[in-house]
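What follows is each chain in one-letter form.
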Amino acid sequence: MKNQSITNNLDWVSIAIYIILVILGWLNIYSSSLSSTVEDASLFDFSQIYGKQMLFIFFTIPLIFIILAVDGKFYEKYSSVIFGVSLVLLAGLFVAGKTIAGQRCWYAIGSFTLQPSEFAKAATALALAKYLSDVQVNLKDLNRQIQTLLIIFLPVMLILPQPDPGSALIYSVFFLVLYREGLPSWYLWTGFVAIILFVLSLLFEPWAVVLMALIAIVFYYIKSRIGNRNIIASAIVFVLISGYVFSVDYVFDHVFKQHHRDRFNILLGKEVDMKGIGYNTNQSEIAIGSGGWFGKGFLEGTQTKGGFVPEQHTDYIFTTVGEEWGFLGSLIVIGLFAGLFLRIIYLAERQKTKFSRIYGQCVAGILFIHFFVNIAMVAGIFPTIGVPLPFFSYGGSGLWGFTILLFIFLKMDANKVNEW
Amino acid sequence: MRKALLPLIIIITTSLLLIRIFYLQVINDSFKLQSENNAIKIKYDYPERGYIYDRFGKLLVANQPSFDIMVIPRDIKKIDTAEFCMLLNITKFYFDERMTKAKVYSPRLPSVFLPQLNKLEYAAFQEKIRKFEGFYIQKRSLRDYQVSAGANVFGFITQASEREIAKNSYYNSGDLIGKQGVEESYEKILRGVKGVKYIQKDKYNREIGSYKEGKYDTIAVQGDDINLSISADLQKYGEELMINKRGGIVAIEPSSGEILALVTAPSYDPAILVGRQRSKNYTRLYNDSISKPLYDRGLLAEYPPGSPFKILTGLIGLQEKVINEQTTFMCNHGFSYARGRFMKCHGSGPHQLHNGIALSCNSYFGNVYMKIINKYVRPESAVNIWSNHVKSFGLGQFMGYDLPTGKRGKVPTGNTYNRMYPGWHWDSKTIVSNSIGQGEVLMTPIQLANMMAAVANRGYYYTPHIIKKIKGEQIDPKFREKHKTTVDRKYFDPVVEGLFGVFNYPGGTGNALQVKGIDICGKTGTAENFAKINGKRTKLQDHSIFVAFAPKDRPKIAIAVLVENGYYGARNAGPIAVLMIEKYLKGKISRTDLEKRMFEVSLQGEYNKYIKTKIDSLLIPKTEESTEN
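Taken in order, these protein sequences are the chains called A and B. Using the working numbering, the letters of the first sequence correspond one by one to residues 1 to 420. Using the working numbering, the letters of the second sequence correspond one by one to residues 1 to 629.
These are calculated hints, taken from the structure and not from any lab test. All values derive from a computational prediction rather than experimental measurement. Hints should not be assumed to be uniformly reliable.
[Unchecked claim] Pulled a few chain B residues facing chain A out of the computed Cβ check, cut under 7 Å: (1) 2; (2) 13; (3) 20; (4) 24.
[Unchecked claim] With a straight-line cut-off of 30 Å between C-alpha atoms, the simulated DSBU-like cross-links for lysine-lysine are: (5) 41(B) / 296(A); (6) 596(B) / 296(A); (7) 197(B) / 103(B).
We put the CB at the ideal spot given by N, CA and C, even for glycine.
Sequences are here, hints too, so could you generate the full structure?
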């Protein structure tokens, strides 16, 4: 009675949250896509966006059964093969990919399109977990660090030129997982300082930022105990920071495209152009902001109905939540997401094998960074980057990618009993 | 500790997001307000365009109502396309094409679906409009022309292009804007300011009344009427005289600089650029690259002026004191100005300034010009001095008149020749053709007319302009500013005497053109011109030119007439000039013989000569077409 044991051991809390999120997601897609269509439409009108999403949701059911039916050891055993296949699929885009809205990240089979980068995340997580779970691997070792970084950067290198900076950004979350598994902490500190300096050098003149850095370093130097003072190290840090700040300035002005610059400038409040480039962000803030405490009610959103928010059913789906369900609805949805992430981390920490623990961490991390970047963008505190909201945003590839990601872990988690 | 990092980050960032959303939704209510603003519809109220009158107050251009069918693609419900197309007499293909265009422009904003319906079409559609949700009718006013002449003076109105909409925030899709002529140069005055009404809509997109009791609404401001300086009768008469000819007539009132007539031929009836046939007709005019009806020859065509330029040569000779009234030059069917170089002339005998002009003696003015240039040691400084004199008559520059197109013309300077003949010692002999207007000098008909106005005034002119009165407003003060020529008043009398002699001396080039009771002063001109045909430089029939002013004392009209390929000056341009003068001064024609002949003359044969063979290019020196102001 293997099936029986699986159902008993599955984590039903996660599954319940998953199901609620998917249903809420569909309701919001329905609301946002209904406004531009005929009133008395069937829910199963597959020519409509909500009808298609219904179909996508329907297909997750056999997908979940297949994932759960496969032997738990399969994913660990074949992780490198899965990773290899996903890299080939990504590379194949350069040859056979279909370009939609300037991005070459789809395979088209008839009217059906598939976005391999949505599946590559799960594959990378598997490969990373597999590599790190090897007893030989110690992340304090520089060679191991390089090899680990290679696993992460291979898919990133294939995704960036599509160009799909949103999907590439997602991979930065693996560093948090690596840290959990023993990566030296200066990696995170460096990353953290780099982000801060990046924002500062966009806000202020580069020399001003360099001056700030100098003051900070001198202050740190004086505060340190005499024995710990290292004038050469301080000087090197200062030179590195100055170089970085000036190169950020250069890259921003000369390498970035105008629309990239615009997105940052809008965010930093340097430019105000609500009809042109700032339109998306402004409209999504208006839509969310007009929701108030309790929202305008399901299908009652004027902004949603008016079709004012662009891409509302995909990346901006949360604006519908904000407008129609208000702060209460937002709180519930965000709470559900946070609950799911924490639940997954909790489950990951109780895994018996290093492989499934690391994979679980990756799942939580990947879902979390999607959630964070998406909501932050919609709420106007992050630049406009195309990242879907897991389980919510319209699209088959995304939904299936996240479902596979999550349910492989749930299968591992259910399996742990049998591993005794 | 390492275990706690990810959960910690999740908890902290989630809280931050909640705070941000709380701020957006609960604390800051400016967004709520903006969401209301989104559900507001803007309705425009287009004022009537100002009327255009002539100098005597005769109505030339009025308005007629016109109706555009507008569409908001998002609001379209299921409609019977077949019925719709049938009602408006359009094809399904056209329907789909317009629809796609409208959707691309914006699904939410109105675009013009079908422009300029007439009253009948409007009535038929209005009856059934409720069946076609998403469509509505926008009333605008179109031009209603009371006269069939003056198309080039008026210009026309058309839908603002996307570029203009992007450039000027006043215009929206479908708005009308003046193009060419006074419709363009006085656009702001004529159009007025459109009114704006803000309509509040509910979430079902229904209009529920005016927004904030109309606090932000503005009332349309009527466009102002204007009076043009042209005389409608004279304009019409000029166009009739130019039928079957190509060229331009410009008549100016010397005492004010007001343009009395601005004729270009061929022209077209302004009424054909109104209504639904507009775009078809416009395309036809636009694509007529042979007779170019949209090209205002009076303002844009640059020609070598030919003999009328001798007037300036004489004046400058007097001013530079290289000749006086009595100076005499011999002419023997021309004169030899350098070894092996001979300038031909049609006459012979000793000539002084007055009969030199009257008989249009090339030898006389060749000699004068060489004396002017030889007065100075360096020929380039001499040419510069001569050039400044010429420019003081408004030549070789944009004149600053109030029509949107123009050309500079060309007046060479010392540098022009240094560039033309690098490392070569050019001198007065090299450039002697300038003396008779056949060198490097190019002029537009309006410049030629203005030059005559300056001669008529004996030494000054006003910037030509076509506006006489703007209701309730002053015309630009720059049109009241006197521009003095560098030639002093006292030197004009002998020249004017010569111009009078053109009509009255025996052998005067225009003595067949006398009009009883009017003392006309004028000058014939015949300008050679060439074209490259089948790769060969070929001489085409001469351009016929005539300039004149009248009466001799206290002149009321100065005029320049140019007839392309119209033979010698007195043959076609001359009669047209004197007929125009008589028409303007007397109101009726005594020289009916001339009138009859001019109505009958057709130069189409001349123009069709090379139509089958390929004309590679006209060898008129090319200058960039540019815009005045």
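Results for each hint:
Among the interface hints, the one on residue 2(B) holds; its C-beta lies about 5 Å from the nearest C-beta in chain A, closer than the 7 Å criterion. Interface hint status for residue 13(B): upheld, as the beta-carbon distance to the closest one in chain A is roughly 5 Å, under 7 Å. About 5 Å separates the beta-carbon of residue 20(B) from the nearest beta-carbon of chain A, less than 7 Å, and the hint is met. The restraint placing residue 24(B) at the interface with chain A holds, with a minimum CB-CB distance near 4 Å, inside the 7 Å limit.
Restraint check: the Cα-Cα separation between residue 41(B) and residue 296(A) comes to about 21 Å, which is no more than 30 Å; the hinted pair holds. Distance check on the hinted pair: residue 596(B) and residue 296(A) sit about 83 Å apart at the alpha-carbon level, beyond 30 Å; violated. Of the supplied pair hints, the one linking residue 197(B) and residue 103(B) holds, its CA atoms being roughly 24 Å apart against a limit of 30 Å.
The earlier numbered hint that this structure contradicts is number 6, and it is the only one.
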